[in-house]
Amino acid sequence: MNSMLSIKDLRASIEDKEILKGITLEVKEGEVHAIMGPNGSGKSTLASLVAGKELADVTGGSITYLGKNLFDLNPEERSKAGIFLGFQYPTEIPGVTMVNFLKTALNEHRKHKGLEPLSAKDFLKLLREKKDMVEIDSKLTNRSVNAGFSGGEKKKNEIFQMAMLEPKLAILDETDSGLDIDALKIVANGVNKLKRKDNATIIITHYQRLLDYIIPDYVHVLFDGRIVKSGGKELALKLEEKGYEWIRNQVNGN
Amino acid sequence: MQNKMVVSDIEREFIDLYKENRSMFEAKTSAPVNEVRKSGIRDFERLGIPGKKDENYKNTPLQPIFRNGYRKYIEQKMVEFNLANVFQCDIPTLDTHMVLLVNGFFDKKNGDFLKELPSGIIIGSLAAASHEYPELFEKHYGKYASHKDGLVALNSAFAQDGIFLYVPEGSVYKKPIQIVNLVMAKEDIMVQHRNLIIVEKNAEAGVIICDHAMTPYKFLTNSVTEIYTAENAFFDYVRVQNEHNNGVQFSHIFVNQEANSNMTSNIMTLHGGVVRNNVNVLLNGEGAENNSYGLYLVDRKQHVDNYIYIDHAKPNCISNQLYKGVLDDSATGAFNGRILVRKDSQKTHAFQANNNILLTDNAKINTKPQLEIYADDVKCSHGATVGQLDGEALFYMRSRGIPEKEARLIMMFAFAHEIIGNVKTEALLNRINDLVDKRLKGELSPCDNCAMKCY
Chain A
1 MNSMLSIKDL RASIEDKEIL KGITLEVKEG EVHAIMGPNG SGKSTLASLV
51 AGKELADVTG GSITYLGKNL FDLNPEERSK AGIFLGFQYP TEIPGVTMVN
101 FLKTALNEHR KHKGLEPLSA KDFLKLLREK KDMVEIDSKL TNRSVNAGFS
151 GGEKKKNEIF QMAMLEPKLA ILDETDSGLD IDALKIVANG VNKLKRKDNA
201 TIIITHYQRL LDYIIPDYVH VLFDGRIVKS GGKELALKLE EKGYEWIRNQ
251 VNGN
Chain B
1 MQNKMVVSDI EREFIDLYKE NRSMFEAKTS APVNEVRKSG IRDFERLGIP
51 GKKDENYKNT PLQPIFRNGY RKYIEQKMVE FNLANVFQCD IPTLDTHMVL
101 LVNGFFDKKN GDFLKELPSG IIIGSLAAAS HEYPELFEKH YGKYASHKDG
151 LVALNSAFAQ DGIFLYVPEG SVYKKPIQIV NLVMAKEDIM VQHRNLIIVE
201 KNAEAGVIIC DHAMTPYKFL TNSVTEIYTA ENAFFDYVRV QNEHNNGVQF
251 SHIFVNQEAN SNMTSNIMTL HGGVVRNNVN VLLNGEGAEN NSYGLYLVDR
301 KQHVDNYIYI DHAKPNCISN QLYKGVLDDS ATGAFNGRIL VRKDSQKTHA
351 FQANNNILLT DNAKINTKPQ LEIYADDVKC SHGATVGQLD GEALFYMRSR
401 GIPEKEARLI MMFAFAHEII GNVKTEALLN RINDLVDKRL KGELSPCDNC
451 AMKCY
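From first to last, the protein sequence lines stand for chains A and B.
If you read the first sequence in our numbering, its first letter stands for residue 1, the second for the next number, and so on.
If you read the second sequence in our numbering, its first letter stands for residue 1, the second for the next number, and so on.
Just so you know, not all the hints are guaranteed correct.
Capping the alpha-carbon separation at 30 Å, the derived lysine-lysine pairs in DSS-like fashion look like this [stated by the list, open to error]:
1. A/103 / B/424
2. B/52 / B/77
3. B/52 / A/111
4. B/438 / A/103
5. B/58 / B/364
6. B/143 / B/347
7. A/139 / B/405
8. A/21 / A/121
9. B/405 / A/111
10. A/121 / B/424
11. A/185 / A/53
12. A/242 / A/185
13. B/77 / A/53
14. A/139 / A/17
15. B/438 / A/121
Bear in mind the hints are in silico, worked out from the structure with no lab data behind them.
The task is simple: from the sequences and hints, build the whole structure.
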């Protein structure tokens with residue numbers, strides 16, 4: 001398997017407070033990784049650094065994506081190179097319709113690949129296909145991006161965008177939070193359908209729940225800016241059973 | 001009333017010019033216009049050009065502008081031009097009836113001085129109409145434009161021509177009437193046209209006004225438009241101001257709305273050196289509704305100042321004000337929204353909002369809501385915002401592959417669209433969308449539309 005994402009001893013701070021204290025993670029094509037951890041452990045900081053949001057200052061280490069130094073790419077270049085971040089809190093953009101937004105994004109991706117923009121007809125066809133796949137309400141695509149969407153609609157909309165852009169590496173930041181069981185199944189179903197041999201997914205989550213539907217190959221526990229434990233899917237179950245207290249005690253040597 | 005003690009040389013020049021040419025002015029227009037002319041010069045002598053201490057012009061100092069020494073364009077000169085080549089405000093797919101003002105005078109090239117359209121609508125030259133329909137002028141001319149502002153008085157004194165539009169009772173005209181104000185000269189000039197629009201009971205019409213300049217020189221326009229909407233009348237006023245950095249425009253609009261009439265103004269300033277729009281609305285009958293919308297997109301050293309005054313003189317009226325602006329580089333702007341709800345104007349609904357995006361640290365906007373409410377059973381609100389583009393939204397778009405520059409444009413366009421979207425004529429809407437899109441992309445250079453490439 002080819003390496004896709006290689007994070008080495010990554011350190012990052014927000015206003016002199018060290019948030020990530022040396023993260024090392026290897027993600028290969030075809031793999032699903034879950035990163036679990038309590039609130040404030042650095043999960044979202046890690047996700048945003050991969051997507052290119054300058055939320056934290058990188059103070060050490062490296063991120064290599066498909067052999068390239070990720071820090072050389074700006075957020076739009078990372079997207080076009082195949083990185084997708086499913087936002088924990090998707091942003092509302094009043095006045096910008098979903099259709100216009102998606103069409104612009106998709107055509108930027110196509111331009112990057114040396115393809116012609118999609119015709120209006122083909123675009124609408126694709127839109128319909130993907131809408132059915134993630135069971136998103138048809139009307140949502142005529143509305144402004146995320147504006148007035150319910151929490152569940154916003155999360156489904158993230159998966160819908162992922163389906164449209166077909167990324168190589170998807171990072172889903174707490175996509176399960178705030179979802180009822182039906183929405184959770186739809187989201188998981190979407191992710192599973194989009195899974196291919198040559199792409200990879202990183203699921204960031206607080207709870208084990210989503211992992212009942214998306215089976216990870218690896219589970220990592222992030223605690224206080226470090227990956228303190230890695231294992232297979234059974235680690236998620238153990239965490240669910242014993243709680244983060246168990247990790248805390250292990251780390252603190254109790 | 002205060003008497004102005006000192007008359008400046010600029011003001012003296014206007015007064016002398018008036019005296020020298022008075023008989024020529026009076027010969028142009030009929031008695032009702034000439035009566036207002038007399039009070040105009042009297043009031044101008046008393047008030048002069050609003051000075052530094054005038055609160056209403058605090059953000060737009062006038063004296064330095066007038067000191068430029070524009071040649072007063074008081075005699076119509078025939079300007080040779082090919083309408084098809086030079087007239088740039090055209091909207092190819094737009095089916096309109098078009099009339100043209102060149103340097104403030106009605107230009108016959110595009111039609112008779114007075115023309116009757118289907119359903120009895122009369123459109124044409126104000127001067128010609130003043131002779132043809134003195135009774136209408138007797139009733140309406142100068143009745144809504146207040147001489148409290150010296151610039152309005154100045155216009156009254158010098159008014160010779162402009163557009164006259166009459167929509168008779170019950171007449172419904174769906175095709176928009178397009179008025180093009182063209183400034184075209186080989187020297188710095190000042191023009192002052194005067195327009196009168198009368199929309200009678202149960203009538204419905206709309207105008208699209210395009211302000212355009214075809215001159216490399218500086219110019220100053222000081223125009224006054226009076227609009228009267230009778231009971232149940234419906235009137236739509238769309239204006240696209242697309243001039244250049246050397247242009248100065250003072251536009252004074254006075255609206256008198258009778259009961260249950262509905263009027264919407266939508267003033268879009270895409271380009272101009274200094275632009276001041278005064279919109280004065282008197283809601284003079286119960287059930288009247290007014291919507292005053294505006295958009296300003298300015299960069300470099302441009303300056304746009306909008307002053308909107310809504311007078312709720314009668315109960316049960318509705319007014320909505322929404323002005324939005326994007327200011328780039330060192331552009332400056334001002335918004336003054338004044339709402340007066342008089343003592344007996346119960347059940348008034350009056351709303352006002354002014355939203356601004358500043359793209360640089362040097363761009364500046366002064367926004368000031370003024371609400372004076374003397375009735376107790378009213379719903380009024382106002383709000384002003386000044387901010388930058390939402391960084392979170394920008395990142396969200398970039399994270400989907402949309403380049404930063406494009407993302408910014410999309411957001412600015414979305415911001416502007418709330419105003420543009422109110423334009424009802426689809427072909428015009430598309431055209432304005434296109435102009436705004438180009439304008440935001442910076443593709444519309446100041447004289448992009450101008451054959452003279454004078455910038």
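Margin query: Output the indices of the hints that this structure fails to meet, ascending.
Written below: 2, 3, 8, 13, 14
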